[in-house]
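Asker: Chains P and L, in that order, give the protein sequences.
If you're matching positions, the first sequence starts at 1 in our numbering and goes up one per residue.
If you're matching positions, the second sequence starts at 1001 in our numbering and goes up one per residue.
In short, the hints are calculated from the structure, not lab data.
We put the beta carbon where it would ideally sit given N, CA and C, even for glycine.
Treat the hints loosely; a few may be bogus.
To be verified - Only pairs whose alpha carbons sit at most 25 Å apart, straight line, appear in this in silico SDA-like list of lysine to any residue: (1) P:16 - P:76; (2) P:51 - P:38; (3) P:16 - L:1063; (4) P:117 - L:1059; (5) L:1073 - P:56; (6) P:117 - L:1073; (7) L:1073 - P:5; (8) P:16 - L:1094; (9) P:51 - L:1094.
To be verified - Some chain L residues close to chain P (C-beta under 10 Å, calculated; not the full set): (10) 1047; (11) 1048; (12) 1056; (13) 1074; (14) 1122.
What the hints assert, rightly or not - If you want the ones that stay clear, here's a sample from chain L, every Cβ over 12 Å from chain P, calculated: (15) 1007; (16) 1022; (17) 1024; (18) 1028; (19) 1055; (20) 1069; (21) 1071; (22) 1097; (23) 1098; (24) 1099; (25) 1125; (26) 1126; (27) 1127; (28) 1129; (29) 1131; (30) 1136.
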Amino acid sequence: MEQTAFLESAINEYGKATYNYAYRLTQNEADARDLTQEAFIRVYRAWRSFKPGTSFLSWIYRIVTNLHRDELRRRKGRYQEEIPEDHELQEYGGGRPLAVEPIEEYVESQLSEPVSKALADLATEQRQIVLLADVEGYSYQEIAEIVGCTVGTVRSRLHRARGQLRELLNRYMKSPS
Amino acid sequence: MSEIHPTPDELVDYLHGELPAARSAAIAAHIAGCPECADARDAEISLTQLLRAHARAQERELPPGVVAGIWEKARSHPPSVWERLSAALRPAIAVPVAIAIAAFLFFSIKVAHGPAHAATIDAGYYVENHATLDAATPLSEDDPIPQTLANDAATR
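Next up, chain P with everything else stripped away, as it sits in the complex:
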C-alpha cells in the first residue's frame, strides 16, 4: 500500500479513537490535538514498520503514550513519577465502595466532574493503565506492550490506581469544589 493511502486509511479508521485516547490521557483539547497530529506524522514516516496482521490501534496507542511521556519530560524536566508505587492517599481515609447506581445518568449530570478530577489526580502512568484496561479493554499483556513495562507492573499499577480512584471519587463526591 502506498504511503499516502496508508495514512489516509489510518486517519479515517482510527483518527477518532486516537484523538479520544489522547484527550483522556492529557485531559486537554489542545494537547490532544498536538499529540494526535504528531502520532499520525510518526505513522506516516514509519508506515513500513507496521506489521500487517497486528493491531494498528495498539501501535498508535503506543506512539501516543510515548509522545505524551516525552512531552511531560520535556515540560517538567523529568517524568511525572513523583507518586511511588506504594503511595497511599492517607488523608482521604475510608474506602467505601461506590454504590451500584444508574451510572449513565449520574455521569452525565453529577459525576462527570468528580471523575475527571479523580483521573487527573492519578499519576500519568497510572492513568494510562486505567484507561487502557478499563476504558479500552486491553489485556494486561497488551497494555505492557503499549506502555513498555512488565505485566507485573501493569497489574500492580492497576490495583493501586483503582484503589486511589475510589478514594478520590469518594472525596470529590462528598465535597464537589
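Given chain P, work out where chain L should sit, using these hints.
Answerer: Quick look at chain L alone, frame taken from chain P:
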C-alpha cells in the same frame, strides 16, 4: 464454597479475566455463596462502568483541523534519509540480505583459499637450529635466538 475470600487485587484480576482458569472458577464459586465478596465484586464492576460511562460521555469527534494539520505536516516534512534507510533496513529485508552476504563471503573465501593445510616444516630445520644454539652458548639456560632463525628474521 471456599472459605478463603479473594483479595481486592484478586477480584480486579478476576474481573479483567487475568487469572488462571482454575482460580477464576474457584472465585466465581466463592462469590456465589458469599454476599460480602459479591458486594466487593459489584463495587469493582461499578467503578469500571463509571469509567466507561465517563469516557463515553466525553467522547468527541476528531476535529477537522487536526486532519488538515496532519496532511500539512506530512507534505512539508517528507521522510528523512535516515527514516528511508531505516525503513529499507527493516528486518523483513535486512535479515535475508545479511544471510546472503554472509553466505557469499563464506563461499568466496573458501573457494579463494582452498582447503586449509597444516604447515609442514622439515625436521632437519629444527636439528640445525638446535645444533647452532648449542654451539653458540653451550652452557646457557636462556633461550637466545638461534642464528638461523635470526638470519631468517633479518632476511624477511
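Asker: Evaluate each hint against the coordinates.
Answerer: Each hint tested on the structure:
| no. | hint | in the structure |
| --- | --- | --- |
| 1 | P:16 - P:76 | violated, 28 Å |
| 2 | P:51 - P:38 | holds, 20 Å |
| 3 | P:16 - L:1063 | holds, 9 Å |
| 4 | P:117 - L:1059 | holds, 17 Å |
| 5 | L:1073 - P:56 | holds, 21 Å |
| 6 | P:117 - L:1073 | violated, 33 Å |
| 7 | L:1073 - P:5 | holds, 16 Å |
| 8 | P:16 - L:1094 | violated, 35 Å |
| 9 | P:51 - L:1094 | holds, 15 Å |
| 10 | 1047 | holds, 6 Å |
| 11 | 1048 | holds, 5 Å |
| 12 | 1056 | holds, 8 Å |
| 13 | 1074 | holds, 5 Å |
| 14 | 1122 | violated, 62 Å |
| 15 | 1007 | violated, 9 Å |
| 16 | 1022 | holds, 18 Å |
| 17 | 1024 | holds, 14 Å |
| 18 | 1028 | holds, 19 Å |
| 19 | 1055 | violated, 4 Å |
| 20 | 1069 | violated, 5 Å |
| 21 | 1071 | violated, 8 Å |
| 22 | 1097 | holds, 15 Å |
| 23 | 1098 | holds, 18 Å |
| 24 | 1099 | holds, 20 Å |
| 25 | 1125 | holds, 62 Å |
| 26 | 1126 | holds, 63 Å |
| 27 | 1127 | holds, 68 Å |
| 28 | 1129 | holds, 64 Å |
| 29 | 1131 | holds, 71 Å |
| 30 | 1136 | holds, 71 Å |
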